[in-house]
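Add chain B to chain A, keeping to what the hints say.
Protein chains in written order, with our numbering: chain A, 1 to 224; chain B, 1001 to 1224.
In case anyone wonders, no lab produced these hints; they're calculated from the structure. Note that this is a predicted model, so its numbers are computed, not measured. Beta carbons are placed, not taken as given, at the ideal position from N, Cα and C, and that holds for glycine. One or more of the hints may lead you astray.
Unchecked claim - Chain B is nowhere near these chain A residues, computed Cβ spacing over 12 Å in every case:
1. Glu-31
2. Ala-43
3. Asp-55
4. Thr-63
5. Glu-72
6. Gln-185
7. Gln-190
8. Ala-220
Stated by the list, open to error - Chain A side only, calculated, beta carbon under 10 Å to chain B, not exhaustive:
9. Val-46
10. Glu-87
11. Glu-90
12. Ala-92
13. Arg-95
14. Glu-151
Listed below, chain by chain, are the residues.
Protein chains: 2
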Amino acid sequence: MRTLYHYPLHPGCRAVRICFAEKKLKLREIEIDPWEPDDTFLALAVEEVPPVLTDRIQSGDVTIVGTQAICEYADEASSRTPLLPGERHERAEIRRLCNWFGQRFDHEVNALILPEKLETVRLGGTPDTTALREGRAALRDHLVYIGWLLEQRDGLAGPAFTLADIITAAHLSCLDYLGEVNWRQFPLVQDWYQRIKSRPSFRPLLNDRIPGIRPPQHYADLDF
Amino acid sequence: MRTLYHYPLHPGCRAVRICFAEKKLKLREIEIDPWEPDDTFLALAVEEVPPVLTDRIQSGDVTIVGTQAICEYADEASSRTPLLPGERHERAEIRRLCNWFGQRFDHEVNALILPEKLETVRLGGTPDTTALREGRAALRDHLVYIGWLLEQRDGLAGPAFTLADIITAAHLSCLDYLGEVNWRQFPLVQDWYQRIKSRPSFRPLLNDRIPGIRPPQHYADLDF
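One chain only, chain A, in its complex shape (with noise of 0.2 Å):
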């Protein structure tokens, strides 16, 4: 059986569930909390961080580990939905998109604003202000830059829907939880976003709750 370790507000965790759920591939889900990681998650992987999926193939058990590598054994495992469609220049792109997004967005937006809003409703006090101005900031320049992309290529990384697609609109799933993105000034940006969120494998996501944070009203409306 295929065990997949997450957060639910992991943008990383997120992407595999996606991919997951796109190839029809079943996965048993066990919720760990990235704070307090107990010794069996601790010992799967010197990462220490989710995603961690282990699975069982002919030769044995297998741990695989980290955002891109669990997304791309997925894409491996079934030619249902191909996740990187194209030809090998195309693909190369899609993992142009899946490195920007999952690291440099990761790094420049969600690192400074998901564990500040997270940390602040677990462990009280008050989030960091510079921080989240910076993050808010760099937000909007990569919203512009998703919005260039869609304009000038009717989707992210072309027409076909791809691995680049998943992790994007996973990261800003993350953020829209928190009531950080304001679609309005970015319709292009919304229409994408809405056509993603409405394939059935994002839906699960959208049933996610952590305790003590409501997300908005248009969050889970696929119509929003």
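Relative to chain A, chain B alone:
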């Protein structure tokens, strides 16, 4: 014609050069100054940092950006020396290690040591000793981990030569140029690095020289 925009002491750029050499694919190399990149380079990629590859294919000119994307693009270009060999769970482990060394090691070690030393030579002044101390402590931890992997597996990701070897060796080679790696404390890692650096694909890198910094005697020695 395939053209790589690179900086000689950038780990990702080195990894890309090794990949193309392993694949026996010709590559024109244009050195860029990461501190003062020119407009031609800046117009190529929103990332504004190397490595950036341009290629002419049947459908036109393409630009491929980022270490992992370019390395996998090279891998898919030719079946010679597969860089992600094996079953899909083995490829996932290679991608995990590429991510570990390409991102985490880069962040914890290279980001603290390389710019400090290179900018000191470039601009004068003295390096930030706190950053250097932190980077060196993290480097020791990572060398212990590499040694542990080699002990378990007779290779980083297993006995086969893979992209994980290339990316890890490329990172260590930059630190080695600066005399930062105490090989004697890590004999297994030294043996492995010696094997990798003896490959013909690695040789051209050992001839790179950065103005104002001479590498230690053992740097280009294949039998150090």
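How the hints compare with the structure:
1. Glu-31: Since the minimum Cβ distance to chain B is about 22 Å, Glu-31 of chain A lies beyond 12 Å and the statement holds.
2. Ala-43: At about 15 Å from chain B, Ala-43 of chain A clears the 12 Å cut-off, so the statement holds.
3. Asp-55: violated, 7 Å
4. Thr-63: Per Cβ check, Thr-63 of chain A is inside 12 Å of chain B; nearest 9 Å; violated.
5. Glu-72: violated, 6 Å
6. Gln-185: At roughly 20 Å from the nearest Cβ of chain B, Gln-185 of chain A sits farther out than 12 Å, so the non-interface label holds.
7. Gln-190: Since the minimum Cβ distance to chain B is about 22 Å, Gln-190 of chain A lies beyond 12 Å and the statement holds.
8. Ala-220: holds, 32 Å
9. Val-46: Holds: closest Cβ of chain B sits about 7 Å from Val-46 of chain A, inside 10 Å.
10. Glu-87: Holds: closest Cβ of chain B sits about 8 Å from Glu-87 of chain A, inside 10 Å.
11. Glu-90: Holds. Min distance 9 Å.
12. Ala-92: holds, 4 Å
13. Arg-95: holds, 4 Å
14. Glu-151: The hint is violated - Glu-151 of chain A has no Cβ within 10 Å of chain B, the shortest such distance being about 14 Å.
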